[in-house]
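K.L.:
Based on the sequences and whatever the hints tell you, model everything.
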Amino acid sequence: MTESVMKLQRVQLKCKNLHEYLRGLSPGILDRLYNHPATCLAVLRELPGLAKNYVMRMLFLEQPLRQAAVALWVKKEYVKEQEESSDILLGLRLWHTQFLPGGLEGIVLNPIFKENLRIALLGGGKAWSDDT
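Here full-length UniProt numbering is used: position 54 in the sequence shown is 54, and no number is missing along the way.
I should point out that these hints are in silico values taken from the structure, not numbers from a laboratory.
Because the structure is a prediction, the values reported are computed rather than measured.
Glycine included, C-beta positions come from ideal geometry on N, C-alpha and C.
It is possible that some hints are incorrect.
Dumping the calculated DSBU-like pairs for lysine-lysine here, alpha-carbon to alpha-carbon at most 30 Å [claimed, not checked]:
hint : residue 1 : residue 2
1    : Lys80     : Lys52
2    : Lys76     : Lys52
3    : Lys52     : Lys75
If you anchor each label on the Cβ, the simulated ranges turn out as follows [claimed, not checked]:
hint : residue 1 : residue 2 : range
4    : Leu41     : Phe99     : 16 to 22 Å
5    : Asn35     : Lys75     : 35 to 41 Å
6    : Arg45     : His96     : 31 to 37 Å
7    : Arg23     : Glu77     : 25 to 31 Å
8    : Gly103    : Ile29     : 28 to 34 Å
9    : Arg32     : Ala68     : 31 to 37 Å
10   : Gly124    : His96     : 23 to 29 Å
11   : Arg23     : Pro101    : 30 to 36 Å
12   : Arg45     : Leu104    : 30 to 36 Å
P.N.:
Here it is in structure tokens:
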């Protein structure tokens, strides 16, 4: 075998799931991936149930949502699951914190992900193109 083939065989991803792999990518690459509706749908499908719920509840909101309002969606005994879901959504750049008028902290979905997930779920948009 050639040396380059041997090097390729030695390289292994040390990721347990899709989330770990995507978290390791740069923000620019993630945004390019989120330019494809099918990718957005695949990422949504791999999210934990609570994180999916957050995304679906925020998918058609046009303005940031107060963090306190999001916290009210979950019973107090599920705070750990809420924090895990929030960490996943932040790590995948699916939602961002943004300050609201008055200084309150709010949450908004990544606009690229949001637009392309809408296309994946509702139809429309362009067929697959290689613009990456």
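K.L.:
All hints are to be evaluated individually against the structure, with a verdict given for each.
P.N.:
So, going through the hints one by one against the coordinates:
no. : hint                         : result
1   : Lys80 <-> Lys52              : 16 Å, holds
2   : Lys76 <-> Lys52              : 19 Å, holds
3   : Lys52 <-> Lys75              : 17 Å, holds
4   : Leu41 <-> Phe99: 16 to 22 Å  : 30 Å, violated
5   : Asn35 <-> Lys75: 35 to 41 Å  : 36 Å, holds
6   : Arg45 <-> His96: 31 to 37 Å  : 22 Å, violated
7   : Arg23 <-> Glu77: 25 to 31 Å  : 27 Å, holds
8   : Gly103 <-> Ile29: 28 to 34 Å : 33 Å, holds
9   : Arg32 <-> Ala68: 31 to 37 Å  : 33 Å, holds
10  : Gly124 <-> His96: 23 to 29 Å : 25 Å, holds
11  : Arg23 <-> Pro101: 30 to 36 Å : 32 Å, holds
12  : Arg45 <-> Leu104: 30 to 36 Å : 32 Å, holds
Violated hints, in rising order: 4, 6; the structure is consistent with all others.
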